[in-house]
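S.K.: The lines below spell out each chain.
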Amino acid sequence: MTFDFISFFILGALLIFVFVWVLHQPAPRKSVSKDDVSLEESGSTHITYLPQIRQALAPTDLAYLYERMPGPLAQKVQKQRRKIALSYISALRNDFRSLLHLSRVIATLSPEIAAAHEFERFRLSLEFSWRYLMIRIRLRCGATPFAAVGSLSDMMSGLHVRMETAIRELAKRSVLASELRSSLDGGGLDIT
Amino acid sequence: MAGLDKAVEFIWAMSIIAELALLTFLAIRKNFRIFPTFSVYVCLDLSESLVLFIAYLKGYSSLASWRTASLTQGVLLIARSLAIVEVCKHVLSRFRGIWALIWRVLLASAGVAILSSILAPKHRWQFVLPNAERGLDVAMATTIVLLFLFAKYYQVVPDAQVRSLAVGFWLYSCFSILDNTLLQHLMYHYVALWSHLNMLAFLVSLLIWLDAVYNLQTVPNKTTVLLSSEVYSAISPAVNLDLHLLNQNLTQVWNATADKT
Chain G
-15 MTFDFISFFI LGALLIFVFV WVLHQPAPRK SVSKDDVSLE ESGSTHITYL PQIRQALAPT
45 DLAYLYERMP GPLAQKVQKQ RRKIALSYIS ALRNDFRSLL HLSRVIATLS PEIAAAHEFE
105 RFRLSLEFSW RYLMIRIRLR CGATPFAAVG SLSDMMSGLH VRMETAIREL AKRSVLASEL
165 RSSLDGGGLD IT
Chain R
129 MAGLDKAVEF IWAMSIIAEL ALLTFLAIRK NFRIFPTFSV YVCLDLSESL VLFIAYLKGY
189 SSLASWRTAS LTQGVLLIAR SLAIVEVCKH VLSRFRGIWA LIWRVLLASA GVAILSSILA
249 PKHRWQFVLP NAERGLDVAM ATTIVLLFLF AKYYQVVPDA QVRSLAVGFW LYSCFSILDN
309 TLLQHLMYHY VALWSHLNML AFLVSLLIWL DAVYNLQTVP NKTTVLLSSE VYSAISPAVN
369 LDLHLLNQNL TQVWNATADK T
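Taken in sequence, the protein lines are chains G and R. In terms of the working numbering, the first sequence has 125 at position 141, counting the first letter as 1, and numbering is strictly consecutive. Add 128 to the 1-based position in the second sequence for the working numbering, that's all there is to it.
If you're looking for bench data, these hints aren't it; they were derived computationally from the structure. Just so you know, not all the hints are guaranteed correct.
[As the list claims (entries may be wrong)] Derived coverage of chain R by chain G (criterion: at least 3 residues anywhere in the stretch with Cβ under 8 Å from a Cβ of chain G; other residues may be distant):
#1 179 to 185
#2 191 to 203
#3 266 to 272
#4 292 to 305
#5 368 to 375
[Unchecked claim] With the C-beta cut set under 10 Å, the calculated list includes, among others, these residues of chain R facing chain G:
#6 165
#7 279
#8 336
Ideal Cβ placement from N, Cα and C applies to all residues, glycine included.
Between the sequences and the hints, there should be enough to build the whole structure, so can you do that?
M.R.: Set out below in structure tokens:
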């Protein structure tokens, strides 16, 4: 067995694995279209629960509990709040994904895109996924970064406000484009 | 024909029948207008069968037959590459923005694949052609896999028939990579089996294409209403900045967890 034989064997196996993975992943419901740019899809935001979550995760709140409650009970509460933190960052990831989805739809439907922006977004999403995974592991190991999770929520909130403004703008354009499309009866045109 | 065993003759005959059926469907349903390069590729392959048939009448192992086979294989490889480009265009070209990015990435990765496949193995003159062929096959298989990865990333769902055409090309290319690699290592014991398996893989690909073309109705000219370019240029940098800040924020969470643990 020589090096090139093994390398081509690995390459072939990799190609097969990736191809089968791509073809067998649950495909999106339909191909991307302007209808994807809808307010409903991106409207399900967990930022809505931010005030409650922040209060529940506030270090002062926890300190207060330790003052008033017996130790084991306070620990139990802390444990439960850690669970809340876990499910909250998991929900934030879903928000992140839906925003990422929206940005991809916009890229797909744009007549011109910047390669640098696309590669940057791809890199950032990989970075996010990696850090998210690491934080989950640490939270499970017992860390309680409640304040940091709260500021993460602030960040997502700002992102949402900007994106919702963009979505409204897109929705308006979508309606205009649909009217234009129906008036042209879809005659093989790209309406930009 | 002298030198060809019955199994090879049988697979060859089946392939010709499948190609004729494929061309008939392409012609009757006027799908050659949708896939002109693919149609030309199938035509060329059928013509190659005819040319080789005449060449093999003089003897399967003669030098003239070998030269004819090599030349026609070269032409077919180029035609196959162009047919794959056509499939790629069908999947993504209506999304002008991402297509402009993707075709460059595909072209670059194909170039790298060809060069590495030709340059990586030790040079032995008798393997120059298989190496070049393998390089192109690696490039084609990689291009198809990347195409589907891009389509998945941008959530573009290709038509089932176009997908089947791509699967047929991918299958044949992958099999050729494996075949050419094994040929170099088991040369003396493998030549006969090599031609059997290669032809069989092509027949399977033909059947996949036949099924795709049979089910391919006259595809209406798809319209894709694009956004104005200002939308992207306004939103994309903002999203990237937000994602960057979000990652910074995650780093803070990471550091906080590190402090607490």
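S.K.: Hint by hint, say whether it matches the structure.
M.R.: Structure-based check of all given hints:
1. For the region 179 to 185 of chain R, the assignment as covered by chain G is violated, since 0 residues bring a beta-carbon within under 8 Å of that chain's beta-carbons and 3 are needed.
2. Under the rule that three or more residues need a Cβ within less than 8 Å of chain G, the assignment of the region 191 to 203 of chain R is violated, with 0 such residues.
3. Look at the region 266 to 272 of chain R against chain G: 4 of its residues bring a Cβ nearer than 8 Å to a Cβ of that chain, three or more, so the hint holds.
4. As drawn, the region 292 to 305 of chain R meets chain G at 4 residues by the rule of a beta-carbon pair under 8 Å; at three or more, the given contact holds.
5. Residue count for the region 368 to 375 of chain R with a Cβ under 8 Å from a Cβ of chain G: 7. That meets the three needed, and the coverage hint holds.
6. The criterion of a C-beta within 10 Å of any C-beta in chain G is not met by residue 165 (chain R), whose closest approach is roughly 20 Å, and the hint is violated.
7. Hint status for residue 279 (chain R) relative to chain G: holds, with the closest Cβ pair at about 8 Å, below 10 Å.
8. Because the closest C-beta pair between residue 336 (chain R) and chain G is about 13 Å apart, greater than 10 Å, the hint is violated.
Violated hints, listed in ascending order, are 1, 2, 6, 8; each of the other numbered hints is respected by the structure.
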